[in-house]
Amino acid sequence: MPLQLAPTSLTQPILPNWSFHLFNVNLGSSSNPAVEQAALDKVGSYGRQIGHLAEALELIVKKAKLLENQDLTQDEKDVLQVFLGDVSVIRQIKASQPFS
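Sequential numbering of the sequence shown, starting at 1, is according to full-length UniProt numbering.
It is worth saying that the hints were derived from the structure and are not from the lab. Just so you know, these numbers come straight off a predicted model, no measurement behind them. Treat the hints with caution; some may be incorrect.
[What the hints assert, rightly or not] In silico EDC-like pairs for lysine to aspartate or glutamate, Cα to Cα no more than 16 Å straight-line:
id	residue 1	residue 2
1	K94	D41
2	K42	E58
3	K62	E36
4	K62	E76
5	K62	D41
6	K94	D75
7	K65	E76
[Claimed, not checked] Quick list of the computed label-pair ranges, beta carbon to beta carbon:
id	residue 1	residue 2	range
8	L67	D41	34 to 42 Å
9	L5	P98	15 to 23 Å
10	I50	D75	31 to 39 Å
11	D41	L5	57 to 65 Å
Even glycine gets a Cβ: it sits at the ideal position worked out from N, Cα and C.
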């Protein structure tokens, strides 16, 4: 029998008795959970809903030429520009992913 100074297996369970499953995100209580669940089932995820809002707002900003509006302060125009930049980055990410 050869001399053995170290164990043959160096594995150690991390977080024993834990398991990782699909994540369940609870964003807090809702005044009407059934309506919220129906919206998620029929309209789509929160990300999809926010995406639709972002695309609609992008259209309004561009069609109304809000970045050229003299009534807006530079800070207000900067806020819109940051928003449009975010929408653009998300569009690029979606275009680079399969199944988008």
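Structure-based check of all given hints:
1. A threshold of 16 Å between alpha carbons decides the hint, and for K94 with D41 the separation of about 21 Å lies outside it, so the pair is violated.
2. Restraint check: the Cα-Cα separation between K42 and E58 comes to about 24 Å, which exceeds 16 Å; the hinted pair is violated.
3. About 31 Å separates the Cα atoms of K62 and E36, which puts this hinted pair outside 16 Å; it is violated.
4. At most 16 Å may separate the alpha-carbon atoms for a hinted pair to count; K62 and E76 meet this at roughly 15 Å.
5. The straight-line distance between the Cα atoms of K62 and D41 is roughly 31 Å, outside the 16 Å bound, and the hint therefore fails.
6. Taking the CA atoms of K94 and D75, the gap is about 29 Å. The hint is violated against a cut of 16 Å.
7. With a CA separation close to 13 Å, the supplied pair K65 and E76 stays within the 16 Å bound.
8. Separation of L67 from D41 is about 37 Å and conforms to the stated range, judged on CB atoms against 34 to 42 Å.
9. With their beta carbons about 50 Å apart, L5 and P98 fall outside the hinted range of 15 to 23 Å.
10. Checked against the hint of 31 to 39 Å, the C-beta distance between I50 and D75 comes to roughly 23 Å, which is inconsistent with it.
11. Under the hint 57 to 65 Å, the C-beta atoms of D41 and L5, about 60 Å apart, fit the expected range.
Hint compliance for this structure: hints 1, 2, 3, 5, 6, 9 and 10 are broken, all remaining hints hold.
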